[in-house]
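Q: In the numbering used here, the protein residues as written are 1 to 442.
Simulated from the structure, these hints should not be mistaken for laboratory data.
All C-beta atoms in this analysis are idealised placements derived from N, C-alpha and C, irrespective of residue type, glycine included.
Be aware that a few hints might be false.
As the list claims (entries may be wrong) - Listed next, the in silico SDA-like pairs over lysine to any residue satisfying Cα-Cα at most 20 Å (straight line): (1) 171 - 313; (2) 82 - 59; (3) 354 - 179.
What the hints assert, rightly or not - Computed beta-carbon distance windows for the label pairs: (4) 227 - 418: 18 to 26 Å; (5) 164 - 219: 38 to 46 Å; (6) 37 - 87: 41 to 49 Å; (7) 208 - 356: 55 to 63 Å; (8) 221 - 424: 38 to 46 Å; (9) 37 - 324: 19 to 27 Å; (10) 85 - 424: 51 to 59 Å.
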Amino acid sequence: MSSPIHLPRRQFLKVAASTVFAAPFITRDLLANPPSGQVLHASFGAAGMAWEDLNSIASHKSVRMVACAEVDSNRAIAFQKKFPQARVYADYRELLAKETLDSCNVSTPDHMHAPIGMAALAHGVHVYGQKPLTHDLYETRKLTEFARHKKRVTQMGIQIHSNREYKLAVKLVHDGAIGQVREVHTWSNKAWGDNGVKPDRNDPVPPNLNWDLWLGVCQPRPYIGGEWYHPANWRKRLDFGTGTFGDMGCHIFDPVFGALGLTAPLSVRSEGAAPNSHSWATNAIIHYLFPATRYTVAGKIPVTWYDGDQKPPAAIQALLEGKPLPEQGSIVIGTVGVLVIPHVEDPQLFPQSKYAGFKFEKIETDNHWHQFVDAVRGVGKTSAGFDYSGPLTESVLLGSVATRFPQTTLEWNSAKLRFTNVKEANAFVRRDYRTGWNVKGL
């Protein structure tokens with residue numbers, strides 16, 4: 001492995017304060033020389049989903065946890081106890097400047113996925129990135145392209161992708177069990193939104209929280225306590241999260257995306273409420289049209305998303321022949337049958353009379369996190385690398401943009417990363433980072 005990168009404190013502060021962090025120029029060709037012994041790993045985030053990610057990755061016998069970046073010192077306590085030899089930083093940039101790494105997981109609020117992920121990739125670090133891959137469309141495209149160009153090992157944290165249930169659902173479609181797919185309905189009962197009034201106050205920042213580092217690339221604003229932002233409800237806020245769709249869309253769209261072999265959608269239309277000035281709306285209905293694939297009928301393929309209290313129409317639910325609609329999942333309608341994909345449950349085939357005695361193939365669950373570690377070691381490949389999960393995330397984020405323009409069909413040119421008929425929508429493809437937080441490549 002390469003020698004550790006050491007920057008004097010004064011030099012680090014000078015770099016960190018500049019408008020473009022210089023990490024892209026400090027790289028290692030790790031794919032040419034994958035680590036033969038221990039994989040040196042760091043976690044960006046120490047609690048919540050980060051805790052699950054870092055522990056699952058650290059459970060691999062070849063991993064040594066060397067560091068963590070966490071802006072809330074209280075949330076780093078459990079990490080320090082479990083990994084007493086690892087170092088803890090508040091600023092992710094300082095960690096990248098001082099540590100020698102092979103891999104990392106980026107498991108922060110959505111708004112910091114792209115800046116941390118890009119900086120890590122540019123340092124030569126392989127990245128396990130939580131879903132959604134980024135907060136904005138432009139960020140997703142850039143991370144996907146950069147990781148491909150630099151041949152980094154990547155994996156998005158849609159761990160159910162490696163579960164037998166989702167793998168089986170994909171195979172059923174590929175094997176033609178329901179014929180050619182005509183349409184899809186997919187949903188989640190979660191409600192990551194808020195149509196209430198934003199509190200008009202400036203609360204004291206808790207001593208354990210570095211509010212400036214938590215804000216990261218977002219513009220400064222007063223801290224509001226009561227979990228308005230941290231640690232629980234950032235998913236509801238426009239600048240920091242991506243709503244219900246961003247939270248669950250990457251999971252639930254995943255087996256549909258893989259089963260149908262979908263590419264970029266042609267158009268997207270929201271029939272639900274628009275977000276307010278600070279938070280995402282709930283009860284979305286979002287209609288997509290995708291190009292046909294080898295697994296679908298000819299023509300444009302409709303895929304509809306529902307969340308909160310919204311559900312597929314009664315006529316679609318009737319295809320389940322009286323069985324209850326799962327709280328989250330998908331109904332895939334084919335030319336000869338119907339596939340129901342409950343979230344993290346066995347898929348079901350309808351009509352029941354037609355598929356009585358149908359033998360489901362035995363498929364094993366893979367360890368999604370260990371798959372990433374093994375790929376870093378040069379053993380096998382990841383199944384949800386950015387070349388797959390990037391386009392998946394882009395499709396999901398298009399739905400988020402569509403909610404800002406209710407009852408309007410937005411036509412999408414994926415190659416140009418632009419909406420072609422509603423120019424105002426392009427303002428939400430990419431946003432500006434605040435001064436001093438720009439990352440080269442974004």
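Q: Please test the hint of 41 to 49 Å on the beta carbon pair from residue 37 and residue 87.
A: At 20 Å between Cβs, range violated.
Q: For residue 221 and residue 424, compare the CB-CB distance with the range 38 to 46 Å and indicate the outcome.
A: 24 Å, violated
Q: Just to be careful, I want the Cα atoms of residue 354 and residue 179 compared with a cutoff of 20 Å; is the pair within it?
A: 13 Å, holds
Q: Go ahead and decide if the range 18 to 26 Å is satisfied by the Cβ distance of residue 227 to residue 418.
A: With a Cβ separation near 37 Å, residue 227 and residue 418 fall outside 18 to 26 Å, so the hint is violated.
Q: Per the hint of 55 to 63 Å, is the separation of the Cβ atoms of residue 208 and residue 356 within bounds?
A: 58 Å, holds
Q: Evaluate the given range 38 to 46 Å for the C-beta pair formed by residue 164 and residue 219.
A: Between residue 164 and residue 219, where Cβ atoms are some 44 Å apart, the hint holds.
Q: Quick check: does the Cβ-Cβ distance between residue 37 and residue 324 fall within 19 to 27 Å?
A: The hinted range 19 to 27 Å is violated for residue 37 and residue 324, with Cβ atoms some 51 Å apart.
Q: Just tell me: holds or violated, for the beta carbon distance of residue 85 and residue 424 against 51 to 59 Å?
A: For residue 85 and residue 424 the Cβ distance comes to about 52 Å; the hint holds.
Q: With a cut-off of 20 Å on the C-alpha distance, tell me whether residue 171 and residue 313 pass.
A: 27 Å, violated
Q: Take a quick look at whether residue 82 and residue 59 sit within 20 Å of each other, Cα to Cα.
A: Roughly 12 Å between the alpha carbons, so the hint for residue 82 and residue 59 holds.
Violated hints, listed in ascending order, are 1, 4, 6, 8, 9; each of the other numbered hints is respected by the structure.
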